[in-house]
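Asker: Chain by chain, the residues run as shown.
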Amino acid sequence: MSWVTKTFNSSLGRKLIMALTGLFLVIFLIGHVTGNLLLFKDDGGQAFNEYADFMTTNQFVQILSITTYLSVILHVIYSIVLTSMNKKARPIEYNQVNPPKESSWSSRNMGILGTFILIFLVVHLQGFWYQMHWGDMPKVTYDSGTYKDLFKIVVFAFQQEWLVALYVISMILLGFHLFHGFESAFQTFGANHKKYTPAIQFVGRAFAIVVPALFASMPLYIYFTLN
Amino acid sequence: MNLTLKIWRQKNHKDKGGFVDYKVSGISKDMSFLEMLDVLNEQLSEKGEDPVHFDHDCREGICGMCSLYINGHPHGPQQTTTCQLHMRSFADGDTVTIEPWRAAGFPVMKDLITDRSAFDRIQQAGGYVSVNTGGVPDANEIPIPKLIADEAFDAATCIGCGACVAACKNASAMLFVSAKISQLALLPQGQVERKERAEKMVAQMDAEGFGACTNTGACSAECPKGISLTNIARMNREYFSAVASSENT
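In order, the protein sequence lines correspond to chains A and B. Per numbering that gives the first Met the number 0, the very first residue in the first sequence carries number 0; after that it's consecutive. Per numbering that gives the first Met the number 0, the very first residue in the second sequence carries number 0; after that it's consecutive.
Keep in mind the hints are simulated off the structure, nothing from the lab. All clues stand as given, with none of them false.
Result set (DMTMM-like, lysine to aspartate or glutamate): computed pairs, CA atoms no more than 20 Å apart in a straight line:
#, chain 1, residue 1, chain 2, residue 2
1, B, K10, A, E92
2, B, K13, A, E92
3, A, K193, B, E150
4, B, K10, B, D20
Given these sequences and hints, build the entire structure.
Answerer: So this is what it looks like as structure tokens:
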């Protein structure tokens, strides 16, 4: 085995992959939430549709998209590998477990949270991403040209109560996942120091609240104001 | 105090094992948890039954030999060793559940005794200094800043009891291994074998079948010596920089 495969097959190497892909997905979330704020622009969806067109045709964005897909796939695969390794490490469970208060609920349930987020991701991608790429989309024409009317699809989708509820609940779960995941990634990199760890914790916790809240506000806004 | 004890009994390594309930009475609040078990074992011996087997040695909280997963906590409800846990931490009439450490790396040998020699093998893989330091040098011959010395000593207080493994939901041994790596990585005597040590100890930890770290912090919270999670971060740094720069290809 070469030193590279040996490293990435070690427990620490596998954790490193989780941390790297996880943090890349955090960066992706920043871009995703920022762009989607255009949904709030009161222009009948023109800015959002032009943005969506740019995101699916620009080559630099496509490289980022492929990196994002790979990150999701690796994050999921390595979580399965690590979880099965961790289950094997304790073949017989305790009869009674009282986790100390210092260990957060999120940190002990990352796999469950991640599984629900993955299920959400499948529904989410099927509804918008798949439609945008390969679906039969309505068209809309502005001064700048003719575009696929993703805005219409989004507004139509979020007239359904169950979908709005699914999005809001999923964003709460994402918040819990990020609450632990963000600072945990830095710990895995070996970045734990009294000088900057409090800042990492603050940014991570703020991120885990603000970003999912912004995402959740979008279906709620559309459901209550645009119909 | 009168207590009901729900204790894991297992004849040997291969036996399936199960819980057995025992009643003990006349327990003093000032007894240590192990002394309470001694009372139970005396009762069992008088009845001609097999006493409950458990590990213990110094009973002073410094050897790391005692274990026991008590009411869902390694070493019980206080952040100390089981020998230093006193019965005043329990109330009259309580039911106390006592289990062995649960980890693939710590197989149960009998009742509450587990084989923790996996930790010895991890130590033997690199947790030592083999430079010849000669006779006893003058105390301050090798200058080490106080802060660094304190940090190394904090890591060195790990007694290798395995409570971190027992507390971790993944049965990960990373707090133990990181304490041992840190203790030597911080000191000048440990520099010669620094990279090799990190690589070999991590490899041995994985080979022993311990889980990976999810950074839940349960290990440090339950550690009788309060070993800090910063050691795990240091181990990660030590390991990643070692694999990227060592001579092992």
